[in-house]
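Novice: Here is how the chains run, residue by residue.
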Amino acid sequence: MSEIDPNVTPPPAVPPPVDPRLLVREEGLKGYLTEFQRKIRGGDLGSLPVIVGLVIIWIVFSVQDSNYLTSANFEYIAYYMVGIGLLSIGLVFVLLLGEIDLSVGSVSGLAAAVFAVLSVSHGLNPWFAMVITLLTGAAIGALHGFVFAKIGVPAFVVTLAGFMGWQGFMLWLLGSTGTINLPTDSGPMRYLSGNSFFMGGDIAGGYILAGLGVAAYVFSAFGLQRRRRQAGVPYRPTTELALRTVILAIGSFGTAMILNDQKGVPNALVLFSVALIVTNFVLRRTTYGRKVFAVGGNIEASRRAGISVAMVRITVFSISGFFAALGGLTIAGQISSANQAGSDPNNLMLAIAAAVIGGTSLFGGRGMVWSALLGMLVIESINAGLYMLGLANSIQYMITGAVLLAAVIIDSLSRRTQKSAGRA
Amino acid sequence: MSSPFATAGTGAGAGAGEPVLALRGISKRFGAVQALTDVELEVRPGEVLALVGDNGAGKSTLVKTIAGVHPIDDGVIEWEGRPVSINRPQDAQHLGVATVYQDLALCDNLDVVGNLYLGRELKLRGLLDEVAMEKKAQELLSTLAIRIPSVRIPVASLSGGQRQVVAIARSLIGEPKVVILDEPTAALGVEQTAQVLDLVERLRERGLAVILISHNMADVRAVADRVAVLRLGKNNGTFPVQQTTQETIIAAITGATDNAVTRRQARTAEGDR
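Going down the list, the protein sequences come from chains A and B. Going by my numbering, 119 is the number at position 119 of the first sequence; the sequence numbering is gapless. Going by my numbering, 39 is the number at position 39 of the second sequence; the sequence numbering is gapless.
Read the hints as simulated data drawn from the structure, not as lab findings. Fair warning: there could be bad hints in the mix.
The calculated label-pair distances, taken between Cβ atoms and stated as ranges, are [as the list claims (entries may be wrong)]: (1) B:Val190 - A:Arg415: 23 to 33 angstroms; (2) A:Pro183 - B:Asp103: 33 to 43 angstroms; (3) B:Thr254 - A:Gln37: 49 to 59 angstroms; (4) A:Gly223 - B:Gly189: 40 to 50 angstroms; (5) A:Gly232 - B:Gly126: 22 to 32 angstroms; (6) A:Ala161 - B:Glu78: 26 to 36 angstroms; (7) A:Arg38 - B:Leu124: 23 to 33 angstroms; (8) B:Ala187 - A:Ile277: 41 to 51 angstroms; (9) B:Val76 - A:Ile277: 27 to 37 angstroms; (10) A:Gln37 - B:Gly126: 32 to 42 angstroms; (11) B:Thr254 - A:Phe36: 56 to 66 angstroms; (12) B:Leu124 - A:Val246: 24 to 34 angstroms.
Listed next, the stretches of chain B that the computed footprint assigns to chain A, with coverage defined by at least 3 CB atoms under 8 angstroms from CB atoms of chain A [stated by the list, open to error]: (13) 55-65; (14) 215-221.
Since this is a predicted model, take the numbers as computed values, not measurements. All C-beta atoms, glycine included, are put in the ideal place defined by N, C-alpha and C.
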């Protein structure tokens with residue numbers, strides 16, 4: 001052991017030599033590609049399987065039906081994925097905790113019923129009714145979260161009870177008629193219906209949105225690069241950022257062009273995009289998001305770090321309830337009514353499927369809200385294709401079920417590979 | 001950087017100065033079990049105090065009373081000379097006691113930076129300041145001469161020793177004055193154990209008081225200044241490591257000196273009958 005001499009100051013810290021076992025990333029594009037390759041081998045598949053799957057789906061259906069790869073079909077997919085996609089965003093939060101919320105389908109149906117009763121039966125201002133509806137969804141989620149976090153009932157059971165209970169409440173609200181029609185000329189329904197487009201469907205609308213998105217990305221990505229460079233920590237090379245910007249620009253302007261070929265960008269899609277961007281920001285850039293990932297990774301570690309695990313759980317379920325209500329309103333806007341089919345249990349299954357297909361792990365701690373978008377693209381692409389081919393519902397469910405199973409298998413396998421590669 | 005080690009170099013070696021933390025007559029009972037009885041413990045800045053004892057001797061319980069996990073039943077905890085009450089883990093943290101538990105408590109899915117700053121994230125305009133956290137994490141790790149491949153890889157991909165040093169480094173983010181290490185070298189290899197022991201010495205050089213729980217006498221002799229022995233929930237002597245043989249310490253741990261006598265007496269008494 002070393003002698004301690006108060007007169008001798010500790011030796012100045014030598015910068016530690018680079019660990020020889022670490023595979024240092026090379027500079028430039030080549031380094032980026034090798035890093036990418038290594039990640040794939042290590043089981044860190046990211047969004048790759050779903051994007052490959054999407055391309056395969058599109059190729060298969062376009063071979064079957066020449067009408068598949070058309071702007072009309074694309075517009076259909078882009079509009080109809082929003083309702084369940086919003087449910088899926090809330091579910092991503094819950095899945096990040098490693099939990100499950102089985103009630104989102106019922107809560108979405110209930111939300112539509114609450115909105116219809118308030119705005120139509122009671123003649124409340126539709127915007128005010130919308131706010132109350134969304135708060136109701138959040139409160140229901142918070143209730144689930146409270147029973148789960150504070151009383152200790154497994155989330156699976158709590159939300160299963162919610163699944164049945166809230167559906168019953170919806171049926172009771174809708175009363176004997178079972179259906180309440182929603183006027184599509186006022187309030188939020190005006191913007192959520194299938195005939196509502198950004199800037200009235202003006203061609204400029206789509207391009208303005210795409211331009212805003214790309215500009216925001218460039219601003220934040222290069223701003224971050226500059227800050228990291230100034231702070232002397234590793235930063236992404238300019239070529240990589242440029243490449244990402246180009247890909248994003250092609251994607252967003254291409255989407256805008258295809259949608260403009262039809263009637264324009266549906267307002268529902270704008271809502272979905274805003275919801276995705278906001279939730280992604282919350283998860284990645286705020287302490288709250290960090291807490292969600294931490295609780296999903298290791299509950300005990302989070303508790304010792306001073307995180308209130310119960311608070312995170314309650315708020316996450318509340319977020320899930322909020323998005324269930326928002327999705328329910330969107331679905332009601334699609335069919336211009338609140339009816340007993342509103343809480344179709346398939347919505348729940350599809351929302352879970354979308355999150356998992358998109359790459360959010362069922363085991364908690366790993367995932368992103370973009371998986372709601374990617375997963376819904378896959379599901380709606382399959383649905384639209386099968387619908388075009390005139391296949392029965394029975395076949396559609398079987399195929400969607402098979403895709404969900406495939407996604408879960410990929411999730412489990414990649415988790416295993418990641419474990420052996422030391423990344424999980 | 002406002003270093004967690006602003007007080008660097010104040011370590012005046014073992015036994016000098018006022019104790020930063022002193023336990024006076026601590027007792028703790030769990031139901032019918034008297035886990036701790038009148039335990040005394042003092043630790044000074046710039047000192048590594050090893051806390052040893054057999055399984056069930058009360059080491060973990062004692063540490064948990066200091067860390068605020070189990071509030072004490074009797075006795076006084078003195079912090080820099082004045083009595084304080086530690087009833088919750090937060091109380092201990094506010095005083096400046098950092099505890100590194102045996103089961104590291106790291107989030108495998110977060111990267112090293114995320115783990116180091118978990119619960120204490122640096123913020124810029126209300127948002128996570130990843131750049132500042134990464135920079136400070138690198139500075140902290142390099143002042144401690146900790147070798148980690150990258151601060152941006154998930155903790156899951158680190159080796160056991162690396163995880164241990166990350167856990168110890170993490171305890172330093174809150175600028176503590178006392179660091180408690182619970183079996184930091186258990187389940188570590190030769191090289192990794194050496195790395196952790198190096199780190200313990202560096203903590204002492206920075207003027208921190210370190211309480212080291214260990215079963216490994218070689219580790220204790222390598223880094224500790226004093227050894228406090230617990231036996232059956234009571235003090236069983238405190239020894240300066242330099243002037244004490246390993247046999248003496250082990251005897252204090254096992255109680256072998258007096259026990260052999262009693263056992264022999266019992267045997268003789270049996271033979272007489």
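Novice: Against this structure, judge whether each hint is valid.
Specialist: Consistency of the hints with the structure:
Checking the proposed 23 to 33 angstroms range against B:Val190 and A:Arg415 shows it holds: the Cβ atoms sit about 32 angstroms from each other. Against the hinted window of 33 to 43 angstroms, the Cβ-Cβ separation of A:Pro183 and B:Asp103 comes to about 59 angstroms, which falls outside the hint. At about 57 angstroms, the beta-carbon gap between B:Thr254 and A:Gln37 stays in the expected band of 49 to 59 angstroms. Checked against the hint of 40 to 50 angstroms, the C-beta distance between A:Gly223 and B:Gly189 comes to roughly 43 angstroms, which is consistent with it.
Separation of A:Gly232 from B:Gly126 is about 24 angstroms and conforms to the stated range, judged on CB atoms against 22 to 32 angstroms. Separated by about 52 angstroms at the C-beta atoms, A:Ala161 and B:Glu78 break the suggested range of 26 to 36 angstroms. Separated by about 32 angstroms at the C-beta atoms, A:Arg38 and B:Leu124 satisfy the suggested range of 23 to 33 angstroms. Under the hint 41 to 51 angstroms, the C-beta atoms of B:Ala187 and A:Ile277, about 44 angstroms apart, fit the expected range.
Evaluation of the 27 to 37 angstroms hint for B:Val76 and A:Ile277 yields a failure: the beta carbon distance comes to about 55 angstroms. Roughly 38 angstroms separates the CB atoms of A:Gln37 and B:Gly126, a value that falls within the hinted 32 to 42 angstroms. For B:Thr254 paired with A:Phe36, a C-beta distance near 58 angstroms keeps the hint of 56 to 66 angstroms intact. Taken as a hint, the range 24 to 34 angstroms holds for the pair B:Leu124 and A:Val246, whose Cβ atoms sit roughly 29 angstroms apart.
Coverage of the stretch 55-65 of chain B by chain A is violated. Counting CB-CB distances below 8 angstroms, 0 residues qualify, and the rule asks for three or more. By the rule of at least three residues with a Cβ nearer than 8 angstroms to a Cβ of chain A, the coverage given for the stretch 215-221 of chain B is violated, with 1 such residues.
Hints 2, 6, 9, 13, 14, counting from the list given before, are not met by this structure.
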